[in-house]
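Peer 1: Here's the letter readout for the chains.
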Amino acid sequence: MFFWQRTKKKGPDPRGLDRLSSSLETNLHWLQTDLFASDETIVYRRIKTSGPKPRDCVLVYADNMVKHEYLSQFVLRPLLKAELPKGLRGEELARYLAEQVIEADSSECITGYSQIGDKIMGGVGVLLVDGCPLGLVVDAQGWAKRTVTEPPSESVVRGPRLGFSEDLGVNISLVRLQIASPNFKTRFVQVGEQTKTRVAILYLDNVTSLDLVDEVQRRIEEITIDAVLDSGYIQEYIRDAPYSPFPTIGHTERPDAAAAKILEGRVAVLVDGSPFALTMPYLLVEAFQANEDYYNHWMVASFHRLIRYISFFITTSTPAIYIALISYHPQLIPTNLVVSISAARKNVPFPGIVEVIIMGLVFEILREGGVRLPRPIGQAVSIVGAIVLGEAAVSASLVSAPMIIVVGLTGVAGFVNPWLNDIAVLFRLLFVVLASVLGLYGYVLGVIAVVLLLSSMESFGVPYLSTMTTLVPQDIKDTLLRVPWWQMTLRPRYLASKDRQRLQGRGGRGS
Amino acid sequence: MRRRLFPMLSLLLVSLLLTGCWDYMEIESLEFVFGLGVDQVKPEVVVVLEMAKTSGGGQQTMVEPKVLSTKSQSAATAARALSNPAGLRTFWSHAYVFLISEQVAQEGIIPAMEHIVRSRHLRSTVWVFITKECTAEEVFKSKPPVANSVSEHLNSIVLMQDAISGFLPLQVWQLNQAFAAEGVAAILPTVKLVHQRGELVPIVEGTAVFKRDRMVGWLDGQESDILCLLKGLDQRSYYVVDTKVTDHGYFPITYELVGNRVELKPLVRKDGSIAVAISLTLELGVEEIGAAPLSFRDEKLVRSVEAQLATFVTREVRGFLWKIQREYNADILGFGQLFRRKKPEVWRRLGEDWDAQLRDLQVELDVQCKIVFTGTSSEPLLVRE
Chain A
3 MFFWQRTKKK GPDPRGLDRL SSSLETNLHW LQTDLFASDE TIVYRRIKTS GPKPRDCVLV
63 YADNMVKHEY LSQFVLRPLL KAELPKGLRG EELARYLAEQ VIEADSSECI TGYSQIGDKI
123 MGGVGVLLVD GCPLGLVVDA QGWAKRTVTE PPSESVVRGP RLGFSEDLGV NISLVRLQIA
183 SPNFKTRFVQ VGEQTKTRVA ILYLDNVTSL DLVDEVQRRI EEITIDAVLD SGYIQEYIRD
243 APYSPFPTIG HTERPDAAAA KILEGRVAVL VDGSPFALTM PYLLVEAFQA NEDYYNHWMV
303 ASFHRLIRYI SFFITTSTPA IYIALISYHP QLIPTNLVVS ISAARKNVPF PGIVEVIIMG
363 LVFEILREGG VRLPRPIGQA VSIVGAIVLG EAAVSASLVS APMIIVVGLT GVAGFVNPWL
423 NDIAVLFRLL FVVLASVLGL YGYVLGVIAV VLLLSSMESF GVPYLSTMTT LVPQDIKDTL
483 LRVPWWQMTL RPRYLASKDR QRLQGRGGRG S
Chain B
3 MRRRLFPMLS LLLVSLLLTG CWDYMEIESL EFVFGLGVDQ VKPEVVVVLE MAKTSGGGQQ
63 TMVEPKVLST KSQSAATAAR ALSNPAGLRT FWSHAYVFLI SEQVAQEGII PAMEHIVRSR
123 HLRSTVWVFI TKECTAEEVF KSKPPVANSV SEHLNSIVLM QDAISGFLPL QVWQLNQAFA
183 AEGVAAILPT VKLVHQRGEL VPIVEGTAVF KRDRMVGWLD GQESDILCLL KGLDQRSYYV
243 VDTKVTDHGY FPITYELVGN RVELKPLVRK DGSIAVAISL TLELGVEEIG AAPLSFRDEK
303 LVRSVEAQLA TFVTREVRGF LWKIQREYNA DILGFGQLFR RKKPEVWRRL GEDWDAQLRD
363 LQVELDVQCK IVFTGTSSEP LLVRE
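The listed protein sequences correspond, in order, to chains A and B. Residues 3 to 513 (this note's numbering) make up the first sequence, in order. Residues 3 to 387 (this note's numbering) make up the second sequence, in order.
Keep in mind the hints are simulated off the structure, nothing from the lab. Possibly wrong hints are sitting among the right ones.
Claimed, not checked - Here are the simulated lysine to any residue pairs, SDA-like style, with alpha carbons at most 25 Å apart:
1) B:Lys-55 <-> A:Ile-335
2) B:Lys-302 <-> B:Glu-258
3) A:Lys-69 <-> A:Ser-211
4) B:Lys-194 <-> B:Leu-170
5) A:Lys-348 <-> B:Ser-95
6) A:Lys-348 <-> B:Tyr-26
7) B:Lys-143 <-> A:Thr-337
8) A:Lys-348 <-> B:Met-64
9) B:Lys-325 <-> B:Leu-232
10) B:Lys-145 <-> A:Asn-338
Same shape as in the complex, but just chain A:
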């Protein structure tokens, strides 16, 4: 019954006009009984101005969404002391208040009834004055925010320790701090029927291809969704190759990484409420690049990059190759090793493939169990995993010792490329199944299939394997190796940026 009444009363105001009345009591009545009915977090602060003819005012705001001291100091106090001239009504009154009474640094007038709802939910105070059909909006957002801290998902040994937070404005300012250039532009799009989330598209006007920016904007505008709580929503809507497990849009929690992508001619997308910036186009090479590569000595960085490629191979292929070798090609294993593996497997009741799948599953369970737990308990999980499931399983002859090595190596190598780790698990499984049916032949078939998949993909018009399939020196400079900065004179070719010259002249040093 109650709900029926409410739904009946809801909607635009009874007069059919979306306008505030000049009567304060009428406006208040509508707010309390209709727009914010049964919402106890809305505060209505009623005051009177001073002077011979005090006037009624009400400051409306959502509790804890505003800075309370700020409102009382710069809005309420001057109002209480103000003596309003006689006969001021309507817009004049509003302008007088904004210009001569209220001390807050920004205030605007709104006339609409429904606008008040949006504004108050956005964390501002709205001042309603008797005899004035306008509301004065005072910016005083002050909800609880996380401070800018080092991002936990991408910690570095060397490099800036700033990370994005949940506030879009702060996030944009963090990128702008890195790229202090008037060419740095931001476009805003609103997504989400309920959440009305602001999405910012960041790019460099004189570098990024505007076609790319327009395409990104078009894709974001086409999204129809009720809520956007994280940039992951946007990512899934606008990405290419949505059925492929490989990422075609990158994400980072670091302003320096986002700025670096923008400076290369990519587009970054920030979403209000999400500390993860999206960058696009995204190619496979980027999964093997870390921002620290560019801060460390280039030789060290190149070596680390090599390690990442090797680790990706290890994490996807070791179990499959192990299975293929012990089940189909024991002649390829060195004699001493084959004898020792054979001895280790003597009392194990399961065939190799079952062992691999069981241990792989156990590893993933341990990882998944540890990820979302508080750190102290997470450590307990890994200890239990290592001792109970590793040591004891071998002693009990449930699995063989070489298998523990294979699974451990595979798991650890997976952590080297955090962006590809989840995918690596899928392909590892695929390769293991193929290898257990067809041996090395099956494994190679699987690899060929994955390479075909990769070469058929693209991200925002850029082939996904760009620079990895060619041997052009310019392409190798930032893929297999990380050459010194003064050698990287050009921006990536595949981004079709307006200005490919990154550095003036052929190198500032060494030439």
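Could you slot chain B onto chain A? The hints should help.
Peer 2: Same frame as chain A, now just chain B:
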């Protein structure tokens, strides 16, 4: 396209899964054969094999060699029949050695080794040996002091061949070539058992000389070194030579061969007779002079030592040549091949009757020796009186 994709994928998957895993095997169900041998060919083939019994696993893997043997109609059936007493599938790809007993070698080696060359289960890098004065089974049952199994023991000896010398190793893939080549006789290294602190230990020393596929005789370690020398192989063999150092003193001095260059030239003399010219240039190092008052700063003395060495080598080579030409009449140095390649008209004329030609073949020998290395000192140890 999408409608067709699903049936296509499922067909692919089915074809993978239904065909089964025809080569699938579990590694723990394999019995790794380390070495095999043939002890008898007629009337039945006796095959011996040494395999690894593995136990433990993890940190304490134990490998215990086991020797099995069986009799059967052929080498192939015998090899397969051995899976039965083994209780596990015998796996041949990791075999190190193949032993052929002296008796089989004398009767003709082809029936024993044909299967080994042909079989795809065995690697072509298996080392082949002839057992001297013992059978393959006896060799496999002996106890090597360090290695886990006899086969590993023999394998590791072969791998340090350049350091210990005294034999020429040969792998299965070279066998066919060694026996099929025209104008050159085959040789195989020999394994024999020696007493070592009460145990019989197999060692590799010397060479079995073949004439066609039958073994006709042995060469000992020293003779095998000469053979290496004449084949131009890099082998660091030692020679102990009684060398005249002072006017009336002979001292045993040990020399090490550090480099050799050999040139074989076929000659046809004016009278139509044939000969071979061998020129040997050896570089030697001095390993031990004992009490000899030999100073290598004395140019004249060094020249004299080098001349004595040349004489020694000439004598050794002459003895060796006599043995292979006259005693065994087996052309293991490949003189026939030399003529066939360089003087084909001579080979066409005399090749039919090469055995007789070899017996009387003249060899012109020219040996040059040079001392290139004297260790850490060029002076003898001085003892004050």
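Peer 1: Now tell me, hint by hint, if it's right for this structure.
Peer 2: Outcome of the hint check:
Restraint check: the Cα-Cα separation between Lys-55 of chain B and Ile-335 of chain A comes to about 18 Å, which is no more than 25 Å; the hinted pair holds. This hinted pair checks out: Lys-302 of chain B and Glu-258 of chain B have alpha carbons roughly 21 Å apart, not beyond 25 Å. Taken as a hint, the Lys-69 of chain A and Ser-211 of chain A pair is broken in the structure, with Cα atoms around 42 Å apart against an allowance of 25 Å. About 15 Å separates the Cα atoms of Lys-194 of chain B and Leu-170 of chain B, which keeps this hinted pair within 25 Å; it holds.
Restraint check for Lys-348 of chain A and Ser-95 of chain B: the C-alpha separation of about 19 Å stays at or below 25 Å, so the hint holds. The straight-line distance between the Cα atoms of Lys-348 of chain A and Tyr-26 of chain B is roughly 17 Å, inside the 25 Å bound, and the hint therefore holds. For the hint linking Lys-143 of chain B to Thr-337 of chain A, the alpha-carbon distance of about 21 Å falls within 25 Å, and the restraint holds. Proposed proximity of Lys-348 of chain A and Met-64 of chain B is supported: the alpha carbons are some 12 Å apart, at most 25 Å.
In summary, the hint linking Lys-325 of chain B to Leu-232 of chain B is supported, as the alpha carbons are separated by about 14 Å, within the 25 Å threshold. For a cut-off of 25 Å, the pair hint linking Lys-145 of chain B to Asn-338 of chain A stands: about 19 Å separates their Cα positions.
When each numbered hint is compared with the structure, a violation occurs for hint 3 only.
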